[in-house]
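The whole structure should be built from the sequences, with the hints applied where relevant.
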Amino acid sequence: MCVAVPGKVIEINGPKAKVDVMNNTCDVDIRLVQPKLGDYVLIHAGCAIDVLSKDAAEEILWMFNELEEEMNGHPGADR
Amino acid sequence: MVTLEQIVKELKEYDGEEIKIMEVCGTHTSSIFKNGIRSLISPKIKLISGPGCPVCVTPSVYVDKLVELSLKPSHCVLTFGDMMKVKGNQGSLTEAVAKGGRVRVLYSPLDSLTAAQEDPDTQYVFAAVGFETTTPIYGLLLDEILKKNLSNLKLLTSLKTITPALEYICENEKGIDAFIAPGHVSVIIGSQSYEALAEKYGKPFVVAGFGGEHILAAIYEILLQLRDGRHQVKNMYVSAVSQEGNPQALSVINQYFETKEDFWRGIGVIPQSSLGLKSAYQQFDAGSSFIEYREELPKGCRCTDVILGRITPVECPLFGGSCTPLNAVGPCMVSTEGVCGIWYKNRG
Chain Z
1 MCVAVPGKVI EINGPKAKVD VMNNTCDVDI RLVQPKLGDY VLIHAGCAID VLSKDAAEEI
61 LWMFNELEEE MNGHPGADR
Chain P
1 MVTLEQIVKE LKEYDGEEIK IMEVCGTHTS SIFKNGIRSL ISPKIKLISG PGCPVCVTPS
61 VYVDKLVELS LKPSHCVLTF GDMMKVKGNQ GSLTEAVAKG GRVRVLYSPL DSLTAAQEDP
121 DTQYVFAAVG FETTTPIYGL LLDEILKKNL SNLKLLTSLK TITPALEYIC ENEKGIDAFI
181 APGHVSVIIG SQSYEALAEK YGKPFVVAGF GGEHILAAIY EILLQLRDGR HQVKNMYVSA
241 VSQEGNPQAL SVINQYFETK EDFWRGIGVI PQSSLGLKSA YQQFDAGSSF IEYREELPKG
301 CRCTDVILGR ITPVECPLFG GSCTPLNAVG PCMVSTEGVC GIWYKNRG
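Protein chains in written order, with the numbering used here: chain Z, 1 to 79; chain P, 1 to 348.
Keep in mind the hints are simulated off the structure, nothing from the lab.
Since this is a predicted model, take the numbers as computed values, not measurements.
Please note that a few of the clues may not be correct.
[Said to hold, decoys possible] Cross-link-like lysine to aspartate or glutamate pairs, in silico, EDC-like; alpha carbons within 16 Å at most:
id : chain 1 : residue 1 : chain 2 : residue 2
1  : P       : 46        : P       : 17
2  : Z       : 16        : P       : 144
3  : Z       : 16        : P       : 143
4  : Z       : 16        : P       : 111
Structure (structure tokens):
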């Protein structure tokens with residue numbers, strides 16, 4: 001339920017951050033959490049919902065890679 | 001400390017009474033397949049899937065309303081991709097586009113702000129479907145709509161809450177012994193949300209991560225609790241889930257939304273199982289209160305039995321025949337989070 005993907009915060013601009021998600025840079029709303037530069041965040045529908053440890057981020061990333069192939073080439077298009 | 005090898009050995013050799021464990025999260029269902037968890041545990045431990053796919057439980061009349069709005073002059077429906085193929089009584093949003101309807105797929109509700117600002121002559125309607133993970137993001141969207149004073153962006157809400165659905169299952173489906181609680185919903189609502197259910201119904205609720213070893217550890221924890229006659233909430237995903245959840249997200253939810261009863265496709269009415277816009281924000285509602293409290297699933301479709309854990313997807317006569325991800329008859333086959341879709345893609 002509620003697919004979410006982790007990424008690393010590489011830049012913070014007020015309520016938004018640039019986050020590295022599997023080597024792609026995304027703009028993410030960070031109003032629901034307070035990440036610092038270098039933190040890992042859990043991103044759901046364009047919004048960070050949690051700050052994660054690196055280990056937790058890697059664990060979910062592994063799952064996400066596995067799921068990606070099931071998403072018919074449209075990762076992130078579903079909630 | 002018990003090792004993973006010992007856990008696997010105990011789970012594989014379990015020969016007690018049959019245990020039914022329900023996972024309510026599509027990502028857990030996928031992980032169970034990807035890690036071959038069923039082959040690592042005793043056949044006496046049954047893993048079944050619950051109603052954790054928001055698309056699957058969204059009524060067809062909701063899809064009808066979206067289709068109607070997309071075909072209205074100067075209107076445009078905004079949605080996540082997974083709603084496009086879900087059939088209503090008047091077809092799907094994909095079919096609406098073929099008839100001239102305006103529909104755009106977005107990655108985030110917050111992207112709809114740009115669309116609304118760039119095209120003030122169009123009335124945009126976001127298909128606000130989801131569980132507690134997604135609801136705070138609609139709250140942030142409302143923050144921005146108010147700040148920017150936008151009048152051409154509204155929500156059509158079908159926002160479900162998971163604990164009333166779990167209570168419905170505990171109350172009505174007697175064969176389920178324990179639950180693996182959803183991971184990302186728990187990030188928002190916190191592990192304490194399951195405590196009342198664990199106490200009232202005497203069933204273990206274990207919050208688990210998504211790795212194979214985490215799911216095995218969760219099953220083992222459930223086994224130990226059942227063996228000892230315990231029924232506790234155990235948070236085994238402490239790296240992401242706290243006891244209290246995300247306070248900012250909960251605050252945003254409480255600012256804009258209030259609980260109401262709702263209709264779940266395939267299940268029926270569940271009291272206090274949904275979040276609708278508070279009366280102070282009704283001007284941003286695109287007509288969500290239309291929901292009819294009746295629903296007929298397509299002929300032969302057993303999605304109800306699937307999401308309530310009565311049967312596995314392969315026991316549905318339509319599975320893999322007339323119902324496939326490319327031509328989904330029932331809602332559970334449509335989404336990447338739908339249990340039938342996950343079983344179909346992993347059936348080997």
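Do the hints match the structure? See the list:
1. Of the supplied pair hints, the one linking residue 46/P and residue 17/P holds, its CA atoms being roughly 11 Å apart against a limit of 16 Å.
2. The hinted pair formed by residue 16/Z and residue 144/P meets the criterion: a straight-line CA distance of about 13 Å does not exceed 16 Å.
3. At most 16 Å may separate the alpha-carbon atoms for a hinted pair to count; residue 16/Z and residue 143/P meet this at roughly 15 Å.
4. Proximity of residue 16/Z to residue 111/P is assessed by CA-CA distance (about 13 Å); at most 16 Å being required, the pair is judged to hold.
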